[in-house]
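A.B. asks: Once you've looked at the hints, dock chain P against the given chain X.
Same order as they appear, the protein sequences are chains X and P.
One point on numbering: in UniProt numbering, the residue at position 327 of the first sequence is 327, and numbering is uninterrupted.
One point on numbering: in UniProt numbering, the residue at position 322 of the second sequence is 322, and numbering is uninterrupted.
Simulated from the structure, these hints should not be mistaken for lab results.
Only a predicted model underlies this, so the values are computations on that prediction, with no experimental measurement involved.
Treat the hints with caution; some may be incorrect.
Chain copies aren't distinguished; within one or between two, either way the pair holds.
Straight line, CA to CA, 35 Å or less: simulated DSBU-like cross-link-like pairs of lysine-lysine [as the list claims (entries may be wrong)]:
id, residue 1, residue 2
1, 358, 256
2, 293, 358
3, 256, 365
4, 293, 365
Protein chains: 2
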Amino acid sequence: MRATATALPDFHAVIPAGGVGSRLWPLSRAEAPKFLHDLTGSGHTLLRDTWNRVLPLTGSDGIMVVTGRAHRAAVEAQLPELTDANIVLESEPKDSSAAIGLAAAILVRRNPEVVIGSFAADHVIGDAVAFRHAVSEAVAVAREGYVTTIGMTPTEPSVGFGYICCGEPLAIEGAPHAQLVTRFVEKPDLATATEYVASGEYLWNGGMFIARADRLLEELAQSQPELHTGLVRIAAAWDTPVRSQVVDAVWPGLLKIAIDYSVAEPAAAGGRLAVVRGTFPWDDVGDFSSLAKLLSNGRVGDLAILGEGARVLADSSSGVVVSRTSRLISLIGVQDIVVVDTSDALLVTTRENAQRVKSVVDAIKQSGRDDLL
Amino acid sequence: MRATATALPDFHAVIPAGGVGSRLWPLSRAEAPKFLHDLTGSGHTLLRDTWNRVLPLTGSDGIMVVTGRAHRAAVEAQLPELTDANIVLESEPKDSSAAIGLAAAILVRRNPEVVIGSFAADHVIGDAVAFRHAVSEAVAVAREGYVTTIGMTPTEPSVGFGYICCGEPLAIEGAPHAQLVTRFVEKPDLATATEYVASGEYLWNGGMFIARADRLLEELAQSQPELHTGLVRIAAAWDTPVRSQVVDAVWPGLLKIAIDYSVAEPAAAGGRLAVVRGTFPWDDVGDFSSLAKLLSNGRVGDLAILGEGARVLADSSSGVVVSRTSRLISLIGVQDIVVVDTSDALLVTTRENAQRVKSVVDAIKQSGRDDLL
Chain X
1 MRATATALPD FHAVIPAGGV GSRLWPLSRA EAPKFLHDLT GSGHTLLRDT WNRVLPLTGS
61 DGIMVVTGRA HRAAVEAQLP ELTDANIVLE SEPKDSSAAI GLAAAILVRR NPEVVIGSFA
121 ADHVIGDAVA FRHAVSEAVA VAREGYVTTI GMTPTEPSVG FGYICCGEPL AIEGAPHAQL
181 VTRFVEKPDL ATATEYVASG EYLWNGGMFI ARADRLLEEL AQSQPELHTG LVRIAAAWDT
241 PVRSQVVDAV WPGLLKIAID YSVAEPAAAG GRLAVVRGTF PWDDVGDFSS LAKLLSNGRV
301 GDLAILGEGA RVLADSSSGV VVSRTSRLIS LIGVQDIVVV DTSDALLVTT RENAQRVKSV
361 VDAIKQSGRD DLL
Chain P
1 MRATATALPD FHAVIPAGGV GSRLWPLSRA EAPKFLHDLT GSGHTLLRDT WNRVLPLTGS
61 DGIMVVTGRA HRAAVEAQLP ELTDANIVLE SEPKDSSAAI GLAAAILVRR NPEVVIGSFA
121 ADHVIGDAVA FRHAVSEAVA VAREGYVTTI GMTPTEPSVG FGYICCGEPL AIEGAPHAQL
181 VTRFVEKPDL ATATEYVASG EYLWNGGMFI ARADRLLEEL AQSQPELHTG LVRIAAAWDT
241 PVRSQVVDAV WPGLLKIAID YSVAEPAAAG GRLAVVRGTF PWDDVGDFSS LAKLLSNGRV
301 GDLAILGEGA RVLADSSSGV VVSRTSRLIS LIGVQDIVVV DTSDALLVTT RENAQRVKSV
361 VDAIKQSGRD DLL
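Next up, chain X with everything else stripped away, as it sits in the complex (with noise of 0.2 Å):
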């Protein structure tokens, strides 16, 4: 059942939609993260801009939303369309590895010809169709056995990515621009991060996997056992009455690990990874000075607004304003600033500063206002 012409057979997204975003606070919040907003000022949520991305690809019944209950309702609201065949709900986060892998675990017992494609559900992709176009790429790729990642042209030496080192193409039908992976390297520090976008051999991994379910978990059976027998367990009582009572059992006992170390790494050095070049806009808006760089598509010095009806009176100033109530929001004469309000917090930082912006969280967490995460 696929809603579109052009939708892939045996191809089915999953979102992962997870992380708080704490370096977004206080806009992101526990009861409101950052895939719950909308960044761009598109009017959509970045989970429902994720959604109709993909969709073509995969009409509504081919996509899956990993998420945690406390956002069930949220999430659904953004996604009407999303049945209950196609919600996984995390009664505590497991990261990554736990989260994709039970998603795969459930959809090759549904289908073991499935293509997987996992999409962060709080990126901003700026070109659809070139994105569907290496996405495509990627599941022609992914069938022929090979783990797929969509690597993104690095602009500065981030430690917050996992590099990718591109090698020999792949004559693979289908996927002109597939390329084998040499070595993966999750999150280096800024050295080899300099290194490496100095090289220009490397791209960042855009968080983006695709591979058969059963081979990405075969991936995991070599690297984390327990955690696969764990997943596996879980999804043999997935579609069966006794669901509830076995996640009860195993998902507490799950080990947290991200994908990027479970399967990309051991895959590349297996010579099992492949990369699809994205030419495509691509952020991870990772904290305000990405935000701000995003909505004043790059230009130094403007004052980027993010809030509908956001009143905002400046005089000489520069950086981003992120509105989320009626108040008017002066600023005479700061540069690179990044001002945040919301009704029970603000936050005035700069973009210099905005990495740190996760210290507070955990002051706050400390200090036992949780109402404030």
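C.D. replies: The following block gives chain P in isolation, referenced to the frame of chain X:
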């Protein structure tokens, strides 16, 4: 009728409670001007602090307040001891010559020997005992016929004050520190102010004028005869049934002019202005940079916080935060910042730009959002 033993006979204080304090927006507002705020964390408004400071010299029957009709209730709430005989309500602001001149004209009819002392409602003075010593000296000088000011040692070449050039000591009993003023220059340009401060011969005018009421009115009669005539007409009707009739007829047509121009400059030119040097800490808290300095006792690099129950989480930040809401205010890595958080308006600027706050107020006026003023 004097409340305390140390009260000065025939002395009556006048507190003009007028200016909004635009440079302290959005803290100071038309509805809640500067004098109705606690800017020191004393727990009292500046108006109440002014009253308390002068009270031992006058008793509560000896203080007259001149304020706008709109502020009557707020003023009376702050000063429950204030009697009807001592409140002068302005239908519209007419600057200090009219405000103080009318008080003088009313009071001289009640007591021809009265010496009045006018004290701004929105200044901060640190040592009330030293203040009262200076005022006592000034009253002694005023009894000899001088218009008398209290001069403050300048700390910088501010262009916002009047400058007093000190001449010969005056040999007046009870006023060992009194000097003749050879020149009074209201708000000079920066070059002139710099020269004055460097010379060491000038004091700032602290905005306090002490004079026999009849002498002050003589100065006004000479420099601004029409204004003087209008004030005398109103005063003649003041304690009669036709007060409001005469006020309505005369007040709107009165000239708006600061008493510094109408009285202090001409009195100085005529050798009729005297000064007593004040040795107490004094601040007119003209903008948020002054407020920051005041609250941090001049320590640079500190973060000053004003607001009962203010919740501020600051990391490597300096400047001043004024909190009028219960919101958490987080600052990261912002130096010399000014953050003023009120329920309907937020200001973010720097101490360096503090004087430009008035431009925001002007912009709001032009936008027609009078509710925010």
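A.B. asks: Should residue 293 paired with residue 365 be assigned to within, between, both, or neither, using CA atoms and 35 Å as the limit?
C.D. replies: both (29 Å within a copy, 32 Å between copies)
A.B. asks: Checking residue 293 and residue 358: alpha-carbon separation at most 35 Å within a copy, between copies, both or neither?
C.D. replies: For residue 293 and residue 358, both the intra-copy (19 Å) and inter-copy (30 Å) Cα distances are at most 35 Å.
A.B. asks: For residue 358 vs residue 256, is the C-alpha pair at or below 35 Å within one copy, between two copies, both, or neither?
C.D. replies: For residue 358 and residue 256, the Cα distance is within 35 Å only inside one copy (20 Å; across copies 54 Å).
A.B. asks: I want to check one pair: residue 256 and residue 365. Are their C-alpha atoms no more than 35 Å apart within a copy, between two copies, both, or neither?
C.D. replies: So residue 256 and residue 365 pass the 35 Å test inside one copy only (21 Å; across, 56 Å).
Hint violations for this structure: none, all hints satisfied.
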